[in-house]
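Residue numbers (full-length UniProt numbering), protein chains in the order written: chain A, 1 to 436; chain B, 1 to 436.
No lab work stands behind these hints: they were computed from the structure. Please note: incorrect hints may appear among the correct ones.
Heads up, the list lumps identical chains together, so a pair's fine if it works in one copy or across two of them.
[Unchecked claim] As a list, the in silico DSBU-like pairs of lysine-lysine whose alpha-carbon atoms are at most 35 Å apart: (1) K2 to K254; (2) K172 to K271; (3) K181 to K87; (4) K121 to K23; (5) K23 to K122; (6) K59 to K230; (7) K45 to K59; (8) K181 to K426; (9) K23 to K254; (10) K45 to K172; (11) K254 to K271; (12) K222 to K23; (13) K222 to K408; (14) K87 to K222; (15) K23 to K92; (16) K122 to K92.
Protein chains: 2
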Amino acid sequence: MKPINVGLLGIGTVGGGTFNVLKRNEEEITRRAGRPIRITTVADKNLELARSVTGGGVKLTDDAFAVVADPEIDIVVELIGGYGVAKDLVLKAIDNGKHVVTANKALLAVHGNEIFAAAQKKGVMVAFEAAVAGGIPIIKALREGLTANRIQWLAGIINGTTNFILSEMRDKGLPFAEVLKEAQALGYAEADPTFDIEGVDAAHKATIMSAMAFGIPMQFDKAYIEGITKLESADITYAEQLGYRIKLLGISRKRDNGVELRVHPTLIPEKRLIANVEGAMNAVLVQGDAVGATLYYGKGAGAEPTASAVIADLVDVTRLHTADPEHRVPHLAFQPDQVQDIAVLPIEEVLTSYYLRMRVEDKPGVLADITRILADSDISIDAMIQKEPAEGEAQTDIIMLTHQTVEKNANAAIARIEALPVVCGKVTRLRLENLQ
Amino acid sequence: MKPINVGLLGIGTVGGGTFNVLKRNEEEITRRAGRPIRITTVADKNLELARSVTGGGVKLTDDAFAVVADPEIDIVVELIGGYGVAKDLVLKAIDNGKHVVTANKALLAVHGNEIFAAAQKKGVMVAFEAAVAGGIPIIKALREGLTANRIQWLAGIINGTTNFILSEMRDKGLPFAEVLKEAQALGYAEADPTFDIEGVDAAHKATIMSAMAFGIPMQFDKAYIEGITKLESADITYAEQLGYRIKLLGISRKRDNGVELRVHPTLIPEKRLIANVEGAMNAVLVQGDAVGATLYYGKGAGAEPTASAVIADLVDVTRLHTADPEHRVPHLAFQPDQVQDIAVLPIEEVLTSYYLRMRVEDKPGVLADITRILADSDISIDAMIQKEPAEGEAQTDIIMLTHQTVEKNANAAIARIEALPVVCGKVTRLRLENLQ
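Based on the sequences and whatever the hints tell you, model everything.
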């Protein structure tokens with residue numbers, strides 16, 4: 001059968017990986033797809049790089065707009081990233097009736113509603129398995145594998161950089177700043193790591209998964225985002241003593257009054273499989289009403305793992321491109337006219353459990369005062385550590401784990417605790433999820 | 001849009017679950033599939049049961065052959081099981097131009113080649129996500145999610161009964177027979193548990209995954225199958241002391257000279273995520289050349305988890321049934337004319353590591369004799385435990401872990417060790433996989 005012609009925009013890490021894997025496994029991929037999938041054109045500002053990666057044999061250009069307008073191209077693979085020119089290129093490609101494969105989570109989380117609407121109108125596919133959790137086929141699982149279910153919640157370790165940092169902090173007992181430097185030296189963190197360590201990247205991915213799980217529009221601007229930069233080693237240690245690990249989770253949960261969408265460091269019981277996902281690995285846990293919990297684990301970044309997802313999308317698009325659009329798998333798992341306008345809840349309305357660490361005067365009645373405040377707020381205590389004060393010190397740490405409560409209720413109780421004269425400074429507060 | 005009409009054959013555990021989930025989540029499923037999916041007819045020998053589960057509103061019959069011949073039915077769901085009447089019904093349904101969804105791993109592992117050829121000829125789909133690992137979308141991952149990769153190997157905990165028994169044996173230090181009774185009382189093992197504990201069920205599933213991973217025909221008759229009935233608690237304990245867990249794995253690996261396909265108790269490093277899959281849960285680890293290792297975890301059995309997979313298939317078939325057959329996802333991941341006749345290797349040719357436990361006289365030179373035999377056979381020792389003999393005893397246990405070697409080489413070395421006068425009785429031998 002006639003080959004499918006692919007135009008590749010961007011030949012950086014993932015672009016290079018895609019080119020190489022497609023070439024190396026050409027025979028195997030054709031055996032699956034039923035026809036050859038060929039990158040015929042590569043666009044990159046750096047023609048030198050494009051030449052050295054491709055080794056010739058394909059058309060090279062520094063004009064990506066020429067590629068999305070090229071009538072010979074069937075599928076455009078966008079691997080430029082960001083919201084700027086990438087958005088224009090994707091919309092132009094769609095407008096020209098081309099199918100699009102992209103790994104651009106930022107673009108989809110922020111402009112996905114516009115992009116999918118345009119694709120719907122033109123009857124083309126926009127595939128984005130590589131946008132979430134690299135090579136793990138989590139988009140496919142959410143969109144096709146779990147269609148029987150009402151998804152109840154999902155929680156994912158979807159940023160390798162931060163998981164690497166948290167694993168190292170726990171393993172070696174080192175503070176955040178030091179481990180960040182190590183991660184940068186090892187190439188696990190970028191020179192400007194802000195998007196990763198502040199949780200923005202994870203929030204992009206959680207936004208995409210949330211839309212697909214619940215049939216709602218992308219609402220990245222409503223996501224609550226808290227990174228790991230303020231996490232202290234002491235809390236990792238205390239969490240461990242209580243049988244918990246701290247992971248940066250992207251969480252989305254369907255509630256009666258809306259959808260939770262949040263990224264923050266989270267205590268999870270060490271017995272959960274996902275608590276044992278270490279280093280730069282990713283994993284997503286999905287809870288469906290019929291299937292129960294399923295977990296998907298693998299490499300969330302890197303040239304070839306991400307290429308694996310890009311190429312899986314190319315095969316899917318190749319297989320489906322002759323199907324009538326209304327019988328294709330819908331972009332966001334639900335039929336476009338079936339997307340429901342359910343709002344993302346503000347963080348104050350989120351229902352979660354808490355880890356509280358407070359510095360207190362070592363005096364009688366302190367614990368009674370604190371527990372009284374929690375009881376008055378209907379917050380039950382699940383576990384507690386009270387440390388002996390260190391030799392010669394008059395202050396000590398109390399650590400408490402609470403049962404679930406709405407965040408505004410927790411906030412009010414914490415404010416009252418901080419106002420107690422025997423409590424020194426701020427209460428350190430982390431969220432805790434049992435994931436059951 | 002006009003509903004898709006489904007005929008359900010068999011309203012036992014999974015049939016009942018499928019009926020209930022489809023009804024409960026009707027709205028959500030229709031929002032995804034784009035049209036209603038309706039069970040219009042149920043066939044079961046037990047009409048009483050069918051009536052009580054469905055509560056009326058659907059046609060009931062005890063004649064399944066009437067359902068597969070009914071022109072009103074678009075998709076037949078076969079949940080009867082076994083090779084007998086189920087095979088006739090599936091082939092008849094295909095012959096009548098109906099798409100088929102089945103959870104019947106035994107049927108596919110043994111008669112899959114014939115069934116898929118018939119489906120190919122008629123241009124209908126046979127979907128079977130529920131046949132392997134229950135609600136985990138592993139078939140979809142292998143067939144669609146990992147299409148970029150040359151799959152190198154896969155290894156799965158794909159039988160919940162045996163994983164429950166092994167978890168309990170380790171946790172409680174109890175022997176197999178006792179835990180089996182407990183599993184039967186709890187409903188985790190059937191009254192006749194042969195298929196589960198002897199590894200046959202796992203081999204059915206491994207056969208199906210192997211065919212999909214490597215683009216080869218089903219070769220169940222070539223699978224090596226060893227269950228857990230002879231596993232001793234002592235070996236679970238020794239394995240643990242060496243940092244390993246014992247799991248019943250279904251393993252398939254592509255080698256230069258063929259494909260390995262085997263089910264047996266296997267030591268795996270306790271640090272691997274899959275080593276920590278406990279109780280009746282399932283997990284499959286897949287190694288691809290681009291993506292690296294990915295893992296899929298969830299419930300491998302039960303009414304609603306299995307129904308989740310059956311219904312996902314129904315949605316897939318509903319979405320794809322208007323596509324031209326040659327652009328559909330091929331049944332076995334590879335295009336039918338691209339299936340390669342690669343043979344399954346006999347167990348003697350398998351490449352693996354070993355755990356060896358032997359009872360020896362506590363005399364000088366014993367260890368030298370044994371290690372000399374292994375060295376002569378080019379088998380390296382990776383770790384060893386030599387126990388002090390118990391008070392007043394003249395014999396003791398030696399436990400060794402070896403590096404990889406071909407099984408026939410290991411067999412020859414073990415025979416020579418057993419022939420040593422200082423070695424008492426048979427050497428206990430288990431296989432070990434590092435899964436890396």
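These are the hints, each one checked on the structure:
Only between protomers do K2 and K254 lie at most 35 Å apart by alpha-carbon distance; the minimum there is 30 Å, versus 45 Å within a single protomer. Taking the shortest alpha-carbon separations for K172 and K271, both the intra-copy value of 21 Å and the inter-copy value of 17 Å come in at or below 35 Å. In this assembly of identical chains, the alpha carbons of K181 and K87 lie at most 35 Å apart only when taken from the same copy (33 Å versus 62 Å across copies). Taking the shortest Cα distances, K121 and K23 sit within 35 Å of each other both inside one copy (33 Å) and across copies (32 Å).
In this assembly of identical chains, the alpha carbons of K23 and K122 lie at most 35 Å apart whether taken from the same copy (30 Å) or from different copies (34 Å). For a Cα distance limit of 35 Å, the shortest separation of K59 from K230 qualifies neither inside one copy, at 48 Å, nor across copies, at 62 Å. Proximity of K45 to K59 under the C-alpha cut-off of 35 Å is restricted to the intra-copy arrangement: shortest distance 14 Å within a copy versus 64 Å between copies. For a Cα distance limit of 35 Å, the shortest separation of K181 from K426 inside one copy, 28 Å, qualifies, whereas the shortest one across copies, 55 Å, does not.
Taking the shortest alpha-carbon separations for K23 and K254, only the inter-copy value of 20 Å comes in at or below 35 Å, while the best intra-copy value is 42 Å. Within a single copy, K45 and K172 get their C-alpha atoms no closer than 42 Å, and across copies no closer than 63 Å, so neither meets the 35 Å cut-off. Proximity of K254 and K271 under a CA criterion of 35 Å is satisfied in both settings, with 24 Å inside one chain copy and 33 Å between copies. When the C-alpha separation of K222 and K23 is checked against a cutoff of 35 Å, the pair qualifies only between copies, where the shortest distance is 33 Å, while the shortest distance within a copy is 41 Å.
For the identical chains of this complex, K222 and K408 are intra-copy neighbours only, at 17 Å inside a copy versus 62 Å across copies, given an alpha-carbon limit of 35 Å. Proximity of K87 and K222 under a CA criterion of 35 Å is satisfied intra-copy only: 21 Å inside one chain copy versus 53 Å between copies. In this homomeric assembly, K23 and K92 come within 35 Å of each other (Cα to Cα) only inside a single copy, at 27 Å, whereas the closest approach across copies is 42 Å. For a Cα distance limit of 35 Å, the shortest separation of K122 from K92 inside one copy, 11 Å, qualifies, whereas the shortest one across copies, 41 Å, does not.
In summary, the numbered hints that this structure violates are 6, 10.
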